[in-house]
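There are 2 protein chains.
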Amino acid sequence: MVNETKLQTPPGYRILDIDGLRALLAGLPLREKLGGDPKEWTIEEVGDGNLNLVFIVRSSATGFAVKQALPYVRLVGDSWPLPLSRAHYEHMALSIQAKHAAGLVPAIHHYDKTLALIVMELLDPHIIMRRGMISGIPYPKFADDISTFMAANLFHTSALAHSAHDFKGLIADFSGNTALCRITEDLIFTEPYMMAENNRWTSPWLDGQAASIRADVDLKCAVSKLKLKFIGSPEAMIHGDLHTGSVMLTADDTRVIDPEFAFMGPMGFDVGALIANLLLNYFSQIGHEGHVGARDEYRVWILDAVEQVWMLFRRKFIAQWEAHGTGDGYPAVLFEDPAGKAILARERDAYMDRLFRDTLGFAAAKMIRRILGLAHNIDLEWITDEQTRATAEARSLLLARDLMVNTESYGSIGTVAEAARRINALVPDIKGP
Amino acid sequence: MVNETKLQTPPGYRILDIDGLRALLAGLPLREKLGGDPKEWTIEEVGDGNLNLVFIVRSSATGFAVKQALPYVRLVGDSWPLPLSRAHYEHMALSIQAKHAAGLVPAIHHYDKTLALIVMELLDPHIIMRRGMISGIPYPKFADDISTFMAANLFHTSALAHSAHDFKGLIADFSGNTALCRITEDLIFTEPYMMAENNRWTSPWLDGQAASIRADVDLKCAVSKLKLKFIGSPEAMIHGDLHTGSVMLTADDTRVIDPEFAFMGPMGFDVGALIANLLLNYFSQIGHEGHVGARDEYRVWILDAVEQVWMLFRRKFIAQWEAHGTGDGYPAVLFEDPAGKAILARERDAYMDRLFRDTLGFAAAKMIRRILGLAHNIDLEWITDEQTRATAEARSLLLARDLMVNTESYGSIGTVAEAARRINALVPDIKGP
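Keeping their order, the protein sequence lines are chains A and B.
Residue numbers for the first sequence follow our numbering, beginning at 71 and rising by one.
Residue numbers for the second sequence follow our numbering, beginning at 71 and rising by one.
It should be emphasised that the hints constitute simulated quantities derived from the structure, not laboratory data.
Be a bit skeptical, because a hint or two may be false.
Unchecked claim - Below 25 Å or equal to it, Euclidean Cα-Cα: the simulated BS3-like pairs (lysine-lysine) are:
{"no.": "1", "chain 1": "A", "residue 1": "299", "chain 2": "B", "residue 2": "183"}
{"no.": "2", "chain 1": "A", "residue 1": "386", "chain 2": "B", "residue 2": "299"}
{"no.": "3", "chain 1": "B", "residue 1": "411", "chain 2": "A", "residue 2": "295"}
{"no.": "4", "chain 1": "A", "residue 1": "299", "chain 2": "B", "residue 2": "386"}
{"no.": "5", "chain 1": "A", "residue 1": "411", "chain 2": "A", "residue 2": "386"}
{"no.": "6", "chain 1": "A", "residue 1": "386", "chain 2": "B", "residue 2": "386"}
{"no.": "7", "chain 1": "A", "residue 1": "295", "chain 2": "B", "residue 2": "299"}
{"no.": "8", "chain 1": "A", "residue 1": "299", "chain 2": "A", "residue 2": "386"}
{"no.": "9", "chain 1": "A", "residue 1": "295", "chain 2": "B", "residue 2": "211"}
{"no.": "10", "chain 1": "B", "residue 1": "295", "chain 2": "A", "residue 2": "299"}
{"no.": "11", "chain 1": "B", "residue 1": "299", "chain 2": "A", "residue 2": "411"}
So here's chain A without its partners, still in its complex pose (with noise of 0.2 Å):
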């Protein structure tokens, strides 16, 4: 039983079920777009996430989906509480990134900070990325889609598009979700390195990795490096938890959902975290092709898309900071004349193989995580055969280690994509029962 006392809920704040939310609708001006009799709207609570509820209604004229923020942790209960006001940072997240990506989010049709609940738009008939790549679905637009969102998203709510008192603002604006960022800083940067009761992984298998891992001091120095860079470098407004279970999408509409994580971050986190599980379904398909070989044609779809994400976003976030490189970063009034065009030119290469770089760390972490921490996925989760499971973790850990220890080796995306495919040719050294 929840202790809403204990949880310092706000006055006015309540955990709404079906009827409560019902009746919530039928007195606000979108019942219009719903219209008909309030009783005739089906409504169902639908969310499978860890932290929120989600319901659908729909009436017989359209539909929305309602997201609505618990006071603790939904995945473990109330002993694991957590701050409504993620409902306000993901709303002020949505309404920045539909600015500069209009279309690659859902609409918001209502916020209610009291309730720390949003009425958005229904996707239908879009699935979760992360399910549509377990059943081998290729996604053409899904690349130049995401990069888009990423590119606009990174680039103009930097220092390189704002200046330094606007850039300021936004850090500040987003300076109180640190409950979020907690989750990040504990689950992803530290937990997976230590003994900690919340890691759990396919266990024997991956008893002797996990052990590795642990004592692995070179990597864990460039984890830590990683998790203060984290904390400390505000390069733009993040999305925070850009994984393929944050992305709905048909074959040509991409929605990308769920910022509620959102903060002034590294840029590398968001790049890393899509590529990481974009290479984590990529090592999971052994797990869900009918016969070998059966998904070798998605295989090279996903490296694709790995390779596509990264070299489109580039591209992008140069295209934008060329066009719109009015912030305090690199002011453009020293950099008029041809050979400070020119110069400028190699700086933005620098500045995006650097970010390459953080690319490769932050996905690295992010795969790791998933493997011998709290938070698992369902690529590999639904792996029943705990060898084969295992055999598609090992892997992933075996990519991971490389890229955050031996990040400089890596020169281009073409590089990891070629060392995903070397990786999962091999046998991995683990034992069963």
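Here the structure of chain A is known, so what remains is to put chain B in place on it, guided by the hints.
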């Protein structure tokens, strides 16, 4: 005539004159410390800085320094408004510094937010270090004291000492000080590298060097990278204006004053500012010695201080980290065994090496702005012979340009001192009228 309405001062704010201050102090509890009849207190306005009013109040019993922010830049007048909130940031910074570096800042006796006024300990017989150095006075305790000040404040306001939550609270607390940061962004990182109305230099002697700096794309790229770091790298609460004019001292007592530019920024900016001002004074000695070579011994002292400041700072920062590294950066729990301790020690060295490079870059930026930008300093300005002043300035620019563009070639602070000595013996290529 100041238009206070236009400058949007808050209700209750008024610019104090001597009688107004006398009346104010007479109504405060600290009246008792001053004692006697308020009419017998001597009060004089002595501010020689660019921004504020500064009063010295003395009674037969004691004395205070009183600083009041004006709603504009004193040096320029009400055409250049500047928010009174800087007194708030100064007060907050002084309080934090007093906690981490007790005895190295003036004690605060009273703060009036409405009047943007701080009553502080009167530092007596302390003098401004810049003036002491122009007179050739060595300060044997200085390097030790200032390195303690910097190491303690920078370490203890970083994510190496704080939880991410508290660290981000600090970032938010100082994020509004953008008007002061803007002065730095414009006057230090931008204007000296372009034709700007504010700029001035010893003309025609330095016309050639000023023009080459405006055309130097490598330098402009390097300074822009530093500017972006200044805006977007909140590593710690920095003083923000830590030159030798912000240090008051005697042979055995050192105090750092005037932290109104404080914000969460890159640590190297403070260390670099200090080293830059020592180096500028070093090059200026040619204009202050009674006969050629009269200040040779003092020159040795200055370069020794440069080396000591960095080496002691580095050692003390690492010592703080070893003793108090309980923050979220590099979590101690991951580095508990001997191998972990060893790699963390190497990582600390790498951290300081990176900070050293930042320091040199920021030092260079601070040197260039004092010669080509709006605000000059008396080390150089007091040299009345133009050729002598231009010689000192040209040498400073030569070193600064190399420090900023070829930073990597300086492997130690010793090589910086060596370069300064070498450049101080060069006859620069400058032409008079």
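Q: Hint by hint, work out which the structure violates, then give me just those numbers in ascending order.
A: The structure conflicts with hints 1, 6, 9, although it agrees with all the remaining ones.
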